[in-house]
Each structure stands twice: as structure tokens, then as C-alpha cells.
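Chain A is already provided as a structure; the job is to place chains B, C, D, E, F and G on it using the hints.
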Amino acid sequence: MSTALKSVRSIAPLLDRILVQRVKAEAKTAGGIFLPETAVKELNEAKVLAVGPGAFAKDGQRIKPSVQPGDKVLIPQYGGSPIKVGEEEYTLFRDHELLAKINE
Amino acid sequence: MSTALKSVRSIAPLLDRILVQRVKAEAKTAGGIFLPETAVKELNEAKVLAVGPGAFAKDGQRIKPSVQPGDKVLIPQYGGSPIKVGEEEYTLFRDHELLAKINE
Amino acid sequence: MSTALKSVRSIAPLLDRILVQRVKAEAKTAGGIFLPETAVKELNEAKVLAVGPGAFAKDGQRIKPSVQPGDKVLIPQYGGSPIKVGEEEYTLFRDHELLAKINE
Amino acid sequence: MSTALKSVRSIAPLLDRILVQRVKAEAKTAGGIFLPETAVKELNEAKVLAVGPGAFAKDGQRIKPSVQPGDKVLIPQYGGSPIKVGEEEYTLFRDHELLAKINE
Amino acid sequence: MSTALKSVRSIAPLLDRILVQRVKAEAKTAGGIFLPETAVKELNEAKVLAVGPGAFAKDGQRIKPSVQPGDKVLIPQYGGSPIKVGEEEYTLFRDHELLAKINE
Amino acid sequence: MSTALKSVRSIAPLLDRILVQRVKAEAKTAGGIFLPETAVKELNEAKVLAVGPGAFAKDGQRIKPSVQPGDKVLIPQYGGSPIKVGEEEYTLFRDHELLAKINE
Amino acid sequence: MSTALKSVRSIAPLLDRILVQRVKAEAKTAGGIFLPETAVKELNEAKVLAVGPGAFAKDGQRIKPSVQPGDKVLIPQYGGSPIKVGEEEYTLFRDHELLAKINE
Chain A
1 MSTALKSVRS
11 IAPLLDRILV
21 QRVKAEAKTA
31 GGIFLPETAV
41 KELNEAKVLA
51 VGPGAFAKDG
61 QRIKPSVQPG
71 DKVLIPQYGG
81 SPIKVGEEEY
91 TLFRDHELLA
101 KINE
Chain B
1 MSTALKSVRS
11 IAPLLDRILV
21 QRVKAEAKTA
31 GGIFLPETAV
41 KELNEAKVLA
51 VGPGAFAKDG
61 QRIKPSVQPG
71 DKVLIPQYGG
81 SPIKVGEEEY
91 TLFRDHELLA
101 KINE
Chain C
1 MSTALKSVRS
11 IAPLLDRILV
21 QRVKAEAKTA
31 GGIFLPETAV
41 KELNEAKVLA
51 VGPGAFAKDG
61 QRIKPSVQPG
71 DKVLIPQYGG
81 SPIKVGEEEY
91 TLFRDHELLA
101 KINE
Chain D
1 MSTALKSVRS
11 IAPLLDRILV
21 QRVKAEAKTA
31 GGIFLPETAV
41 KELNEAKVLA
51 VGPGAFAKDG
61 QRIKPSVQPG
71 DKVLIPQYGG
81 SPIKVGEEEY
91 TLFRDHELLA
101 KINE
Chain E
1 MSTALKSVRS
11 IAPLLDRILV
21 QRVKAEAKTA
31 GGIFLPETAV
41 KELNEAKVLA
51 VGPGAFAKDG
61 QRIKPSVQPG
71 DKVLIPQYGG
81 SPIKVGEEEY
91 TLFRDHELLA
101 KINE
Chain F
1 MSTALKSVRS
11 IAPLLDRILV
21 QRVKAEAKTA
31 GGIFLPETAV
41 KELNEAKVLA
51 VGPGAFAKDG
61 QRIKPSVQPG
71 DKVLIPQYGG
81 SPIKVGEEEY
91 TLFRDHELLA
101 KINE
Chain G
1 MSTALKSVRS
11 IAPLLDRILV
21 QRVKAEAKTA
31 GGIFLPETAV
41 KELNEAKVLA
51 VGPGAFAKDG
61 QRIKPSVQPG
71 DKVLIPQYGG
81 SPIKVGEEEY
91 TLFRDHELLA
101 KINE
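Residue numbers (the UniProt record's numbering), protein chains in the order written: chain A, 1 to 104; chain B, 1 to 104; chain C, 1 to 104; chain D, 1 to 104; chain E, 1 to 104; chain F, 1 to 104; chain G, 1 to 104.
In isolation and in its complexed conformation, chain A is listed as follows (with noise of 0.2 Å):
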């Protein structure tokens, strides 16, 4: 999906959504030898850019998200809302989308 915005920073996501943004994967070997293109594989990983407020449970109470902007997560394979902020790609996941932490 394409915007016009200057900046990622300006999203701010609604209820229990996630901005992240994939991590990308190196496109040389340990050795320090470049990858041609198709061998960089997408990886799963993502950063959390900013994280909206929460949907709302049964009760009217806000469920907390689960990450946390900074956090670094494992993203399923497919889903998601992709978002293009001048060359950059990002992805909207629903918070329970999300499969896990990433704790370095």
C-alpha cells in the first residue's frame, strides 16, 4: 500500500496493531563474500516500530499489547498490512499475530 508520509514515525496504530519493520537479511557470507540476490533469503524477524493502544476486552478494559516498540519479534510467514513510506516497506500485524520475542 502506498502513502505519501515523510516519516514511519508519523503512524500511530489503532487498537491492537503492530508497526514493524523486517529485519534484513545479510547479503553476504561470514567470510565477507556478497550473495548474489535471489540467494538472500527473507528472514521472520522484524522490529517493533510502535505498538497501538490495545483492543479492547469484554469488560472495556484495553488488553496491553505484548511488545513493545524496540522489541524484536518472530512474524509469521504470511498476513499483515503492508505499508510503503517512500522507499522503505513496513507491515501492520494484529498483536496475537505475532509469534514471538526475540531476547538477544
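Please keep in mind that the hints were generated in silico from the structure rather than gathered at the bench. Positions of the beta carbon are idealized from the N, C-alpha and C atoms, including for glycine. Worth double-checking, as some hints may not be accurate.
Claimed, not checked - Looking from chain F toward chain G, a few residues come up when the C-beta cut is under 10 Å (computed): (1) A4; (2) S10; (3) G52; (4) P53; (5) A55; (6) D59; (7) V67; (8) G70.
Positioned in the frame of chain A, the structure of chains B, C, D, E, F and G alone reads:
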């Protein structure tokens, strides 16, 4: 969908519906050169024109919409009910379908 | 759907159903020139003729319909149960299917 | 569906089911001329013959049916369970499938 | 489905299941003439042989089944789990699938 | 599904799952004549080997399973997760999928 | 799904997700003869490596996962999200998808 309305301001969304108008993409480049029509991408940004009173939660209370008239929002690629008033196009989404608020 | 009713006024919608009649598009231009039938677009505006008592919420209370007889509403492109009384066509929607109220 | 019942009066609908019989369309015009069988449209009006005690709400209370024996109702175009008793056809609907009551 | 049971009386339905046996259609006319097998219609009437203790409602209470052993019921055209005991066929329905009780 | 388990007794079903083993049909007639393999019908009877602690109800309480180890049950024609331990086949059903208890 | 993670220990499952690693089938027979690769069946046994904090129940409390790290479990034939860390494959299941615990 067609209407014979004179003004979009006469539309008062029901329940959790949100009336938005898509932001039009610039038809010229930063340098001032006009783009051919096929190069103008449709943006997924929209301006909120009117919001419904909110859907009912299980306890009978209204769930307050997440956005207000004047807000700029990211809208999903698909979905929503298109409405035509005069020559202008508008869309009605349900509150939870909106992806994010855009802070400028 | 066919009926042998003499008047649409004998129809009392049940639960959350709303009986509406679609607004007919003007068959002539602002300048008074009659349009050929194929140029007359079907409008998504309708007038509310009768409303049901409301569906039951989980606590056993009726959920009051969002509209009243006499209201003008935006109706969705698809859905609803068409009813024919004499030569006139009407439609029964469920309350939550109506998109917006039209304030004139 | 076939039965060997002697009378439709022996059918006591369960839960929220409503037993109705479709109103037969007049086979002659207002002027008294008999219509060929293919010109007689099936009507979506029916007479309520028997109602169940109501389905159970979440709190264990029965939800009272919206209609009573003797009521005339608008029935949906599709759905319902057809029952044949002798040469007559009847239909069982669930209460919420009935569209409207017809007040005469 | 096949069983090696000696008697259908050993089947105790679980939760909201109801064990019924379809009423067999008369293979001869009122006048005593035997009908060819293809002229004998399968009836949608059945006799209740055993009922389960009822499914659990949300509050943990059992929902009492709508019918009792010995009741005659109208069964739906499709659905149910067929069970064969010896040469006889039986069917297990869920309580809410039964259409009506037949009072004789 | 394959396992490298030494004994089926090491399987402890989770939540509302029930471990059963299908009753094998007699491969000879009452008179003692052995049936060809194709004439031996698969039975829908099974013996309960182990039961899970029960699924959680909405109030956080466990729902007690309907059957106990040692019970004989009627199982549905389709569904369940097949498990192979050594040369024997077992099946895991959810408690509500079991049709009836067989009292002998 | 690909990752650039150095260790599977950095994965902390979210909500009710459970990280497991499938048990590898013995590639040789009990007698010590190596099996050709095509004769090695994939097992449905797995070891639990990490568990999420649990999904939220309707009352806002976390539902405690049914298993703990170190447990051996039966996993379903299909489903789960596969994750690759280095040359090893792992899978993330939701707690309720696990079939049984294996007690050794």
C-alpha cells in the same frame, strides 16, 4: 454506490462506521514535473469526515470510536463501502478496519 | 419476493429488521431534460418506513434500532430481503446493515 | 420431508421453531378470470400454526418467540424445513428467520 | 457405522445427543394392497430411544434435553450419526437438531 | 501419525482429549468360520484408555470429561487424530466428539 | 521460515504459543543396521523448548499453558509455524493444538 446528496456533510454514519475521503496523490513530482495519470498511485491515506456513535459492547455501552473528524488515517487496501456524492468519492469503514492514525 | 398485501403499512418488521424503500433517481436532468432509462442510476438512499422492536442483547434487553420511520438512510450495495407489494418494491435490512443516516 | 401424520395439529415445534403454512396465491384475477398455473406466483406470506417454547438465552431463560399461532408473517425466500402432512405442505422456520408480522 | 452390540439398549448418549429410530413407512395402502418397495417413502418421523444428560451451558449447568425416551419427533432431512445394531438402523442427533415433538 | 513410544500408557492426553482404541471386529462368524479380511467391517466402538484433565470453561474451571478410562464408547465415523504405537493404532478425540457410552 | 538467529534460546513465545523441536527418528534398526533415508518416518513426538505466558481468558487472567519446557509432547500431523535457526528446524504451536504429554 450512487447518491443524489447535495453535500457529504449530510451523511451521519451509524454505529461504528467512519466516513473517510482518500487523500489524492500529487500528480506532479517534487521538482514540479506533472506525472502521467498512470504513474499516480492511489494512496492508502484518508481524512476522517464523520464518525458514528460507536457500536454497542456486550454490556450495552457504546464503544467510543478510535478516531475523530479531521484525523488522518491509514486505510486498508480492500474493504469499506464506497459512496459517491456529486463527483467526489468517499468510503465508509468500520472503526476496527482502520489501521493507524497519522500524526502530522 | 411476492406478497398479496394491499398496503405496505401492514408490514411490522420483527426483531432488528428495518423496512425501507429505495429513493428513486430523478429521471430528468437539472435542466429538465428527460434521461433515457439506462442513464438513470439506482441510488443507495432509502426512506425508513417501519422498524422492528430490536434484537435481544445477551442480557435479555432489546437493542433499540438506530433509525426511526421517516429517516433517510444510506443502504449497502448488496444484501437485504426484497419485498414486492403491488407494483412497488421494498427491502428489509437488519439494523446493523444500514450504513448511515442522511440529515437533510 | 414425508410424514405419516394424520393432522398437522400433532406437530409441537421444539425450541425456537415456528410452524407455518404458506398463503396460497389467488389463481384468478380480480376480475374473476382464472390464471394459468404458471402465472400464479408463490407468495412469501404464511400463517403461523404453532410456535416452540423458545430457545434458551445464555442465562438459561427461554427467549419468547416473536409470533403467535394465528399471526400472519413474511417468510424469507430460502431456508426452513419443509414438512408434508397428507397432501398439504408446511414449513418450520426458526423464530429469527421470520422477516415481519403482517397486521391486517 | 457398524457396531458389534447385542442390544441398542446398551447405548447411553453423551452430552446433548439423542438416540432415535426412524418410523418405518407402511408398506401397504390403507386398502391393504402391498406397495412395491420403490413406492415406500422414507419418513422423517422417529421415536426417541435414549437421551443424553444434556450439554453444559456457559454457567456450568446442564441444559435439559427437549425430549424424553418414548417421544415421537420430527427429524431433519440431513445430518445425524447413523448407527447399525444387528440389522436395525438408528440415528444420533443433537437435541437442537430435532425439529418438533409429535403429540398423538 | 508415527511415534517411537514403547507403550501407549505413556500418553497423557491434554485438555479435553480422550485416547481410545477401536474395538476389533470378530474375524470369524458365530459358527466359528473365519471371515475373509474384506468381509470384516471396521467397528465404531472403542475403549477409553486415558482422558485429559478437561478443557477450561469460560469461568476458568475445568469441564470434567464425560467418560473414564475403561469405558466403552461409540466413536464418530470421521475425525480424531490417529496415533501409532508399535504395531497398534489408537485415536485421540475431543470429549464432545464421542457419541455415546456403551453400557454392557 | 528463515531467521538469522544464533540460538533458538533467544525465542520467547508470545501468548499461548509453544516452541517445540520434533524428535528425530532412529536411522538404524534395533539390531544396529542403518536404514535408508526413505525408510525413516517422521515422528509426531516433540520436545518443548519454551512456552509463552498464556493467552488471556475473558476475565483478563492468563490461561496457564498445559506444558512446560522439557516436556515431551504428541504434536498434530498438520499446523504450527515452522522456524529455522541455523540448520535446525523448530515449530511453534498454540497450546491447545498439542495432543498429549508423553510421560517417560
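Any hints from earlier that this structure breaks? Give me their numbers in increasing order, please.
7, 8
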